[in-house]
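Engineer: Here is how the chains run, residue by residue.
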Amino acid sequence: MTPLRDSQVLKDRAISIFIGAFAMLWVFPILWTLWSSFRPYKEIRARGTFSMPEEFGIFNYTDAISRMQLPTYLWNSFIITIPAVFLTLVFGSLIAFVVSRYSFKFNVGMLLLFTAGNLLPAQLVFIPVFKLYLNIGDVVGDRRFLYDSPWGVVLIHVAFQMGFATFVLSSYMKTIPKEISESALVDGASVLRHYWNVMLPLLRPPLASLAVLMTTWIYNDFFWALVLMSTDKKRPITSALGRLQGEFVTDYNLLAAGAIIAALPTLIVFFVLRKQFVSGLTLGSTKG
Amino acid sequence: MSSSATRPRRSRRRRAFSRGDRLTLSIFVGIPTLLHVVLVWIPAILTILLSFTYWTGINFGDITWAGLANYDNIVTKTPAFYDALRNNVIWLLWFGFLATPAGVLLAYQIDRQIRGHKLYQSAYYLPVVLSLAVTGIIWNFMLRPDGFVNGVLGRDIDNAISFFGNYDINIYVIMVMASWRHIGYIMLLYLAGLKAIDPTLREAAAIDGATEWATFRKIILPAMRPVNIIVIVITIIESLRAFDMVYVIYGTSAGLPILGILVFQNIAGEGASMKGAAYAVILFVLSIGPIIAYLRQQFREDVS
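Top to bottom, those sequences are chains B and V. Position 139, counted from 1, in the first sequence is what the working numbering calls 139; the numbers after and before it change by one each time, with no gaps. Position 59, counted from 1, in the second sequence is what the working numbering calls 59; the numbers after and before it change by one each time, with no gaps.
Source of the hints: derived by calculation from the structure; they are not laboratory data. Hints are supplied without guarantee of correctness; some may be wrong.
Claimed, not checked - Here are the simulated DSS-like cross-link-like pairs (lysine-lysine), alpha carbons at most 25 Å apart as the crow flies:
{"no.": "1", "chain 1": "B", "residue 1": "K11", "chain 2": "V", "residue 2": "K195"}
{"no.": "2", "chain 1": "V", "residue 1": "K195", "chain 2": "V", "residue 2": "K218"}
{"no.": "3", "chain 1": "B", "residue 1": "K11", "chain 2": "V", "residue 2": "K77"}
{"no.": "4", "chain 1": "V", "residue 1": "K118", "chain 2": "V", "residue 2": "K195"}
{"no.": "5", "chain 1": "B", "residue 1": "K178", "chain 2": "B", "residue 2": "K105"}
{"no.": "6", "chain 1": "B", "residue 1": "K275", "chain 2": "B", "residue 2": "K174"}
{"no.": "7", "chain 1": "B", "residue 1": "K275", "chain 2": "V", "residue 2": "K195"}
{"no.": "8", "chain 1": "B", "residue 1": "K275", "chain 2": "V", "residue 2": "K77"}
{"no.": "9", "chain 1": "B", "residue 1": "K275", "chain 2": "V", "residue 2": "K118"}
{"no.": "10", "chain 1": "B", "residue 1": "K131", "chain 2": "B", "residue 2": "K233"}
{"no.": "11", "chain 1": "V", "residue 1": "K195", "chain 2": "B", "residue 2": "K174"}
{"no.": "12", "chain 1": "B", "residue 1": "K105", "chain 2": "B", "residue 2": "K174"}
{"no.": "13", "chain 1": "B", "residue 1": "K131", "chain 2": "B", "residue 2": "K234"}
Unchecked claim - Computed footprint of chain V on chain B, listed as stretches where at least three residues anywhere in the stretch have a Cβ under 8 Å from a Cβ of chain V:
{"no.": "14", "segment": "29-41"}
{"no.": "15", "segment": "89-100"}
{"no.": "16", "segment": "232-242"}
{"no.": "17", "segment": "275-283"}
Model, not experiment: these values are computed from the prediction. Glycine included, C-beta positions come from ideal geometry on N, C-alpha and C.
With the sequences and hints as input, model every part of the structure.
Structural biologist: Structural data, given as structure tokens:
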């Protein structure tokens, strides 16, 4: 027994060192980008990639903020992400509530519709959505009512992500005892009160997790803002980075600072809200 | 759900709905469903229909029936389609045989609480929260002609290795970048599943003298069946739909053809044609299998 234990201890140490070495390799690209973002690009061009810094400071950041107009793009991200996450959670919780608390014939069918819809490729729905947005714009007399507008991007995110939220929330609600709902009904609570006063407070943990996960997903989304917006100044920061990369290709370190700023909200998720992020992911993959 | 005991209660409850409740319920269900169907399902069906037509995407009157012409054009006249298919298959094989198993094994080791597991977990998880656009810029820092890797190899800018421009290696370079994110993602999913496994199973195996590898293969893997299916499905879907990272590095140019980029090139902007719709349908058809597997896994209890 003992020699086996000893060899296991040795093996574990080797595994630990191996995984640890890779872990360092994993964070290295980020650290290198961070390091470079404090140095001027011309110094690197002149003195080499591994030169010791002569100038070192936050000048790339101040530059990125003023020349790349990052605050505008960050603001664009917020006015898309926040309403989209909010509406996704409201709609998802409504459907999940009805499907899991009231027995209608179409319950499973509804859940399937939403869950499957969430899995369809974005490219498959793009052409008609694009046409629909333009036509709605023509009807209301403003071509940019949904197309090239933050609201258009918000709606498509909500329509897609609602499927995931519905699925996650309804599996969670199945774990809440039916007696709680029953006593509310006996007390004569209306459907609205049943949802608002009874169920919603109980849904706080999964809603928090979903909110964090959805915020990361929608903030990081690239595709929809790219194809449904034509005015660059309206685009969220994730999509704008692609163009900025082309424009500032001559000053890589400036771009590094821009990338770090763009990543800040998600880094906050990583450092502060990781528990919610991880449990949000898990809620979707393992039932209940 | 199908037991007969719930029947009487259901009808009692339905009778108990006041008019206000009925209105509330229809609004609760109606508005989200309308939005979802109008923006997801109807467009999906329309795209499938449009893929059998000629249309420039401007006037509805110009739509003419094309039969299978768009598909025929893709399959017989577009060499880029086969390049893309090849790259997506490489993507899938790389994820399937390297990145996903690596993520699973990593989760297993971290779950055993090897020394430093908390720190390691954070390190592998960090790239998961970054957008692919940011990921592209970060890796450009490593791999561009005057970047870190060329520096380590001692190559200056004139005889640097072109990691993104060399067609023999660029798909593998992109795979390394994509794995950087994918491994952490799979690790997180798998870790959550592992936490739910009864620890006594593992202890019993250890007492019986089973090796780590045997424990993993004979006890952990079978017990993780539901999570395994999800992880496989995610691997396939992500491999087929890859888009962001390649777009960030190459734009729409044919730097590295993959299906996601071909769809984009044909549906967005000036050159819209229903060949793009046909590409999107191909992408969809390829992912139907994994979608059904996912739904079957998640809805097993509801349907039976």
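Engineer: Now tell me, hint by hint, if it's right for this structure.
Structural biologist: Hint check:
1. B:K11 to V:K195: 23 Å, holds
2. V:K195 to V:K218: Distance of about 17 Å is within 25 Å: holds.
3. B:K11 to V:K77: Not satisfied, since the Cα-Cα distance of roughly 55 Å exceeds 25 Å.
4. V:K118 to V:K195: 14 Å, holds
5. B:K178 to B:K105: Roughly 18 Å between the alpha carbons, so the hint for K178 (chain B) and K105 (chain B) holds.
6. B:K275 to B:K174: The given pair, whose Cα atoms are some 22 Å apart, holds under the 25 Å limit.
7. B:K275 to V:K195: Holds - the C-alpha atoms of K195 (chain V) and K275 (chain B) are around 14 Å apart, at most 25 Å.
8. B:K275 to V:K77: 50 Å, violated
9. B:K275 to V:K118: Within the cut-off at roughly 13 Å; holds.
10. B:K131 to B:K233: 22 Å, holds
11. V:K195 to B:K174: 21 Å, holds
12. B:K105 to B:K174: 17 Å, holds
13. B:K131 to B:K234: With a Cα-Cα distance of about 20 Å, the restraint between K131 (chain B) and K234 (chain B) holds, given a limit of 25 Å.
14. 29-41: holds (count 5)
15. 89-100: Three-residue rule met by the segment 89-100 of chain B, so holds; n is 6.
16. 232-242: With 4 residues close enough to chain V, the hint holds.
17. 275-283: holds (count 5)
Of the hints listed earlier, those the structure fails to meet are numbers 3, 8, in rising order.
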